[in-house]
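> Sequence:
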Amino acid sequence: MPKSNKSGGFKPAKNYEPRTPGKGGPKAGSRSPGHRGFKAADETAPRKQRWNADDRSARGAAPSSRGERPAYGDRPAYGDRPERGGHKRGERSERPSYGDRPERGGNQRPSRENGFNKSGTGTGRSERPSYGRDERPAYNREERPSYDRDERRVPQRTDRQKWNDARNEERRAEAVKAREDAPKRTWEERPKRSFDRTERPARSFDDRPKRSFDRDDRPARTERPAYNDRPARTERPAYNDRPARSFDDRPKRSFDRDDRPARTERPAYNERPARSFDDRPKRSFDRDTRPARSNERGSDFYPNRDTKPAFNQVDDVVLERLEAQATLAGDVDGVTFADLGIGGNITRVLKELGAESPFPIQAATIPVVLEGRDVLGRGRTGSGKTIAFGAPLVERLMENGGGANRKPGRKPRALILAPTRELALQIDRTVQPIARAVGLFTTQIYGGVPQARQVGALQRGVDIIIGTPGRIEDLIEQRRLDLSEVTITVLDEADHMCDLGFLEPVQRILRHTKDGGQKLLFSATLDKGVATLVEEFLVNPSVHEVAGEDQASSTIDHRVLVVESRDKSEIIRQLADREGKTLIFSRTRAYAEMLAEQLEDAGFPATSLHGDLNQSRRTRNLQQLTSGRVNVLVATDVAARGIHVDDIDLVIQADAPDEYKTYLHRAGRTGRAGKKGTVVTLIPRARRRRMDELLDRAEIEAEMVDAFPGDALLGELAADTPVAPR
DNA sequence: AAAAAAG
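Just so you know, the UniProt record's numbering puts 445 at position 445 of the first sequence, and the rest follows in order with no gaps.
Bear in mind the hints are in silico, worked out from the structure with no lab data behind them.
Honestly, I wouldn't trust all of these hints.
[Stated by the list, open to error] Derived DEER-like restraints, expressed as beta-carbon distance ranges:
#	residue 1	residue 2	range
1	E399	G611	17 to 27 Å
2	R479	A719	55 to 65 Å
3	D646	S565	27 to 37 Å
[Unchecked claim] Each computed DSS-like pair below joins lysine-lysine, with the alpha-carbon atoms no more than 25 Å apart:
#	residue 1	residue 2
4	K407	K514
5	K351	K676
6	K411	K514
Every residue, glycine too, gets a C-beta built ideally from N, C-alpha and C.
Please take these sequences and the hints and turn them into a complete structure.
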């Protein structure tokens, strides 16, 4: 096999291997004449034609030899075979559904987006992107083993990618324009809303005075005594050049916590009287006065200064909870899936999946979904939401004559949207078996992998689409995906899907689904943030949650450690020194990468998960934690929501989250399905107050203590049996 | 800051 560039990155010989002519095309031969093996470009050879869109589509659709085959129906049911993408061997390695299988050589193939220099040659240290270089502790590079290093190298944004970015931007603009031109859309009728990006002047970071960014650092400054000893000082940009802004001439801002309505006075979570939206004084986050909760999210949202008070773009507010019908856990004792209206085949599969009897959230929502109503469902992290929407969704498709409808090229009738590819993949792992039990098919539509196979599946016909917004929209624009028959749409992590950057694509996608189709919104932190979608797409939704699911009743022990920043890596190392599975969250991709490296250097098998990795590495790295090949995964918030890995019993937040919801979701990676777990959050001294407020909003009780390397506490927290809550 | 986004 020529493709034996197997893992490890330990392949110094690669450059000297005899080239295999023919296969690799232009790679054969040396460039320089006079060099042994020089091969001049062959002018006589037919020029390789670039494919145009039609060629590609034809290929994706109907592989020349196979597409003609008379009846797909004669073959064993599609779902029973390992999915075959069709024809192109080379694509195999990137097939998502193979994420579970043991690593094979093929996986190592450098992906397009990275270029060949990324994983092949073991020498390219100097090509590493510059993240963290200078901050990096000075360990001796020469001593480091060379294995595995290169696999994790973070690719830089290539010119091509930049070009693609620009291109995508254009296409987005075109799509918006097309929609504006189309009369039937209600685009123009809608009142202008703040997130109509295209209407907004392109305002950037720069035209606004420096604000919250510096905030973390600023308070600390005054407290730091050894001002002059600090090395990094000189690099600070022009501290003194800044206009002498006094603290007082600023308008009051959101983080002037004391002035805000006293949140802490809220009655306990569940006992709140049914307050309607109207009898409350208007507050800043009320939909009509405020441009969208998206301003929690920062960078590209800015209130219109004419009408809005200069306000809180970093505010992390607790939006009002939706009034929900609560189901008591006790109510579901003895109830079976069959009682809820789920058919025998599906019930059987659920049992195989480990769901013997319904969890409360499932018992609450399944019957309502089966009625055909729009549903908002809130269930704690790890409480079984996927089955809560997956099972009744399949059941509904069946009832609608779904089983009989196997026509090739049929349009999908259900859509499940998720915020990350990993989550989409994971949902498919649950929903696919359920669907197959009744002869329905699912396919994953997400980015980062070649689209041909996805398009092929669509053209053969599938019933349920599970995917992320980007690729779905892309295929819609390419007219390869038609959602007009979609009668059930699920938004998993619905509140997140309403955040800036997600909301608009999600809206556009939902507008492509069938009018009046059923909509299901699920999340552990479902709140009024989804109001925009609810208003536009849901009809008289039925809201459900499980009573008594507050943080106090959770199985998670929360700790906050106040640490010196220079001690941080050492403390993380000591916390990660354990047998059990540990998930570490960092705020940035670069830091995630750096921490993973540091831990490996310290002798703990660790890997990373973040958006700078290509999809096959993301899938593989996550799988390494799942399979136990490594016990430590350092991730960005890509892993914060929904991802289920069994038996993570320690979550370390190397950087504290900004939002209480993020805290809840990150923490929810442990303590799943009633198991015990510990969450340790590391914060600098200056962040104590913000952290307190965040915990307050999250309604979490956590002990906050100073910690230093070597403290006995670290060993206790790392102990594999989580320490008992205070 | 992160995530989602072509062959």
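> All hints, please: hold or fail.
Cross-check of the supplied hints:
1. E399 x G611: 17 to 27 Å: violated (39 Å)
2. R479 x A719: 55 to 65 Å: Holds, since R479 and A719 (Cβ atoms, about 57 Å apart) stay within the stated range.
3. D646 x S565: 27 to 37 Å: holds (33 Å)
4. K407 x K514: holds (19 Å)
5. K351 x K676: holds (24 Å)
6. K411 x K514: Status holds; Cα separation ~11 Å.
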